[in-house]
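Novice: One letter stands for each residue in the lines below.
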Amino acid sequence: MGSRKKKTTERRNDGKGMQFRVVGTALRKVDATAKVTGATRFADDLFLPRMLYAKLLRSPHPHARITAIDASKARALPGVKAVLTGKDLPIPFGILPVSQDEHALALDKVRFVGDPVAAVAATTEEIATAALDLIDVKYEPLRAFPDAIDAVEHPDPAIHDYADAGNIHKLIDLEFGDVDAGFREADLVREDTFFFEGNTHLPMEQHAAAADWSPGGRLTVWSSTQTPHYVHRALAKVLELPAARIRVIACPNGGGFGGKSDPFSHEVVVAKLAMLTGRPIKITLTREEVFYCHRGRHPTLMWVKTGVKKDGAITGMHFKSLLDGGGYGSYGVASTYYTGALQTVTYPIPRYKFQGARAFTNKPPCGPKRGHGTPQPRFALEVHLDKLAEQLGMDPAELRLRHLVPPNSLTANWLRVGTMGLGRCIEKVVAGSEWKRRFKRLPYGQGIGLACSSYITGAGLPIYWNAMPHSGVQLKCDRGGGVTVFCGSTEIGQGSDSILAMIVAEVLGLDPLHIAIVTGDTDLTPVDLGSYSSRVTLMTGNAAIQAAERARDLIAPHVARKLEVPAERIAFADGRVFDVEQPEHGVAFAEAVQLAEAAEGTVGTVGSYTPPRSAGRYRGAGVGPSPAYSYSACVALVDVDPATGIVRVPKIWIAHDVGRVINAASVMGQIEGSVYMGLGEALMEEMAYRGNRNVVHKIPSLLEYKSPTTLEMCDVVTYVVEDPDPNGPFGAKECGQGPLLPVPPAVANAVYDAVGVRIDEVPITPEKVFKALRRKDKGEEPRFGPTRFPEIPWPEPTRVPPPWEGGDGTAAGQSVGRTLGRHA
Amino acid sequence: MGRRPDSRSVGRSDGMLRLPSFRYLRPTTLSEALRMKSDAGPEGTYVAGGTDLYPNMKRRQQEPKTVISLMGVPELKATVGTVLGAGLTLSELSVLQSFRRSYPAVVQAATLVSTPLLRNMGTLGGNLCLDTRCNYYDQTYEWRKAIDFCMKKDGHICWVAPSSPRCWAVTSSDIAPVMVALGAEYLLAGPAGERVVPAARFYNNDGINYLTKQPDEVLVEVRLPPPAARGAWDAVYHKLRRRGSFDFPVLGVAAWVRWEGEGEGDGDRVADARVVLGGVASWPQEIPEAATALRGSTLAPEAIAAAADAAYRPAKPMDNTDFDLSWRKQMTRVYVTRALTELAHRRSTTT
Amino acid sequence: MPDAKAKIALDVNGEPVEVAFAPHKTLLEVLREDLGLTGTKHGCELGECGTCTVLVDGTPVLSCLVLGLACAGRRVKTVEGMADGGLLHPLQEAFAELGAAQCGYCTPAFLLTADALLAGNPHPAREQIKEALAGNLCRCTGYIKIYEAVELAAARMRGEKAEPARETLYGQP
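Residue numbers (my numbering), protein chains in the order written: chain A, 1 to 824; chain B, 1 to 351; chain C, 1 to 173.
Read the hints as simulated data drawn from the structure, not as lab findings.
Hints are supplied without guarantee of correctness; some may be wrong.
[Unchecked claim] Calculated cross-link-like contacts (lysine-lysine; reagent style DSBU-like; alpha-carbon spacing at most 35 angstroms):
hint, chain 1, residue 1, chain 2, residue 2
1, B, K145, A, K305
2, A, K138, B, K316
3, A, K305, A, K771
4, A, K309, A, K387
5, B, K329, A, K771
6, A, K776, A, K305
7, B, K329, A, K698
8, A, K776, A, K387
9, B, K153, C, K7
10, C, K161, B, K153
11, A, K771, A, K440
12, B, K65, A, K698
13, A, K87, A, K138
14, B, K77, C, K77
15, A, K698, B, K213
16, B, K329, A, K440
17, B, K145, C, K161
18, B, K145, A, K87
19, A, K73, C, K5
20, A, K651, A, K562
21, A, K436, A, K776
22, A, K87, A, K73
23, A, K309, A, K771
24, B, K77, A, K698
25, A, K651, A, K310
26, A, K387, B, K329
27, B, K153, A, K73
28, B, K77, C, K5
29, B, K77, B, K145
30, A, K87, A, K237
31, C, K77, C, K161
32, B, K316, A, K73
33, C, K77, B, K65
34, B, K329, B, K316
Pulled out of the complex, with its shape left as it was, chain A reads as follows (with noise of 0.2 angstroms):
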């Protein structure tokens, strides 16, 4: 630990003028040592005095009318304390405020093969789990849709109550300027289709969650959650509690991906059952039911077309999606937003068309995954563009460097870009991967692919309407010299907990150390609307950044009394307080604290963060907007077996635009980490059901479920990008989830360049690229991918002049209440 020290004592230039003592360096995690030692305590972890264990009955049926249920034979079974069924718990839930519509136990309806219908409370698991057996549940079967397109071509029977046509969920339709006069523009139009085939997170952690009621009536729940913000308001929506009375703590999540964002069943169950029985309790998930609470990627079908000039640039784009929902809403409206709102912020599109639909099907509901609602169209622009480069004969990496959205500047949907590092990623990874060299001249079956790709960090917008900040942090200043951050903000293996102890260090002057951090708890922690969209470290680092500069305001002053210095001569650094002229001159930050302790009394500051507002103002402008979009370029290199259609990916190069590097380990791992996501994706994860067998899950196992092993898993040769974003935490911008987005098309474009074949799908399976082989020698299109996309209900559009026609992000010629009249 001694070298660490040491580092972060060194002044680290910028190059830019920022000089920095802790920002950039690669610390050590400040759990990393309870990780490696075992310590961590993950929600399966705890283990109260006379706990109980809770299990869930399953539905067996995709979509089936519950006409009776008798639980009396599991009441009796002895060891069981408590059988909950949707009646005990009727007040609908949801991550969205427009789709309340799950419940902790089914109602009247199931949904899906694993929806949960009752629940045991029992003294061991092995009791829970027989008791199950012992509830009788009557079905009334009704026809299952196993998929987006036979749920938009079959309205009844209904899979809810609500939604915009049918069986289909959410319907959008946005058109920013003309694009058929794009068309005509254009030198060359190109249409494609793609699919996208769903996937999961499948954290190496099992959901779990414990709950204690006490006698007092104040109730407490542990969860592996990213939001435990949005756990506490279903829990007092569900519970008819107060929420002052509620307190939700996020354990470290074994994981998360997206995976444990929603508020969900197990969650609402083991606190209903904690306050029933008034015994401490636990749920722990199996395998398989983590692949029924899934959230995961939604299989997305997607249309494009778009007019480009001769040089490549583009001159409209028309984009369509149809994504497979699963059985809930859970995030999946605003997965159907973000599924069209991000092709603009890489290259620029002057006329703008997205229509986006989202089906309700009878399947896990599907939701929010690492790159949320992007990487399927991000998969289906790149190699679009990949096609558009080769028809114009174009180096694809050329067309890419042409044509990039400037640094500050508005998109055709209104998002404001602010920084923009794509120019200087694509740079980096086509000579470090010898792109020019090796394009187009490897031998057959060696092929190499280029893709690019964008992320918000932090959506603009809550997920529920409000006006507060979407992060607070609050410190506490010891007089011994520490120093404590709370924050509501979850750690789920990114480490955000390490990051609000390296900024509030830097800006005090402290060894990260002396921080000590307290977060994801509902009764101590000031609201962190969680760890999702990318937004921790922008939010949570400019909250703490706030708060740790009115920590040096209040303190200053009292150390200048006393070196009898103005206060604006007052530095903080290597643990003292001093004044800059004479650096010798000052006090320990213990002393400092002290001195401002006696005069003000207790040192505590607290600082926020909100998002500034998003230009756009039409309705459905809440997705996309970001204080800051990250960038990312990706180079695949992949070795095809013609004779089998296998394909290996030894080497990936990936640049990513981080903006600026707060902790320098935590980058590297953020950003191998997404490539290893998006090597998974694009090579064999895919969530398989039996549409011909009750719709069952085909797969919910980690054997056949394939995550890459470490024989999968390619070398990857990374390189940081910083171009600091003035709304970014000393310039910062997010990593986590868009170094995935390129991978998947960097591959499918490698493949083409080893055999000649086109997969227009994810995953790029050896069956496909075989069956693609196979089209090639007879002559046929050397192609595999979706060839129709359905006949879809579109609403009338909602037309929103892009900025250079004028306007102000509102729609033309639209009243707000016509464009509301809608569910959205």
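Could you slot chains B and C onto chain A? The hints should help.
Specialist: Just chains B and C now, with coordinates in the frame of chain A:
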């Protein structure tokens, strides 16, 4: 059937898949093991490494009342000359220097089984007796209940082929095809004494009754043919699966050839051959037509192509493993070609 | 009476332990529930992920598929037994230093598998590390920081004064 309450509380517990309760016995001699099994009757079962049985028990695919561990039985570890004890772990087997030299195909197959951790636990005998697999069967009790179970456990239908009178679960052993190809023999010990069966006769093409072994019998050892004197014979094993570890074979190709010559293999024509496929049927499927195509050949590309074609035709993968079944069938041709080509290549580089 | 608790004696992390439990419990369950050693994690309980790896007599095995009873008289090492008093094991040190533990859930299993690897091969090549760790799944790291940490720890255990490469922590220039 199904789950029974365990009324005897075990103190604190976690959320996890658990074993049903059973009696665990640890004999220290083979005869003690046989006696325990015969006492336990049909509800008793043997276990070696546990990597096949215990997951199945946790999913309630098998629910023995008595589990008899063979890991303490020294007779199963005896490994001398051409004999491999069935109780060797796959890791132990793969580091046996003499076998690595003499039987590289056996060691190759063993090192391709699952993961390094599971090879530290799983045994040769366990892999040779591996339960047939099917992704309608290798599921939890709750999952199987949602499809009203299947013929292999608790149900009446084979979902892979609903009109079929028999179960189509597939052999998923990597080593069994090699043993059949080599013409190895298994020593079985049972209440009535010992018997030796050729590997090929140890397996049935039936997903439920996939072994000819009687439940009371123990697979004690594997007797390999004498090592190939001066290249008299050679064998290879090729495995197809999604990932380089964890995954069972969706296709395994074991190929064996004996070269002409007076027992010294100095001829350049194939005197005899065996091609055996794993992962495409309920048993390691020997393809006699492939052998016919190879006999008398020099393993030239035409003969290999004929053998691969012969293997392709009868291979009948079903929709119950990873990958698309038509692609798996296509791959039979590719993998048989590659296995035989490797043999031809080795021949040309060693003579 | 098949479920009467059975009592065994074994060595856990260098200390003799006696523990009684229902005879069908796995080593994983005994460690977590009866010995309170929750550092050993679980991800599937079916031998499909490697998360519950511990060392039995020095060999890495999956504790979810080993019966507790089968461990009578044997030496079991869990992540709690890796540090030497307050001093982290070089593998733990390197994992912490490089961020090879992100969420940390699979980390105990990787540490123990790597521990066994280095015990038998003090100078493993990258490919040997990949092979040895091929039975452990990680969803966070892409394994790269794990390989680098194993290599760093191995060098230090050989007595070399190894420091992480600049590219490991900061990327390519």
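Novice: Checking each numbered hint in turn, tell me which of them this model violates, lowest number first.
Specialist: 1, 2, 10, 17, 20, 24, 29, 32
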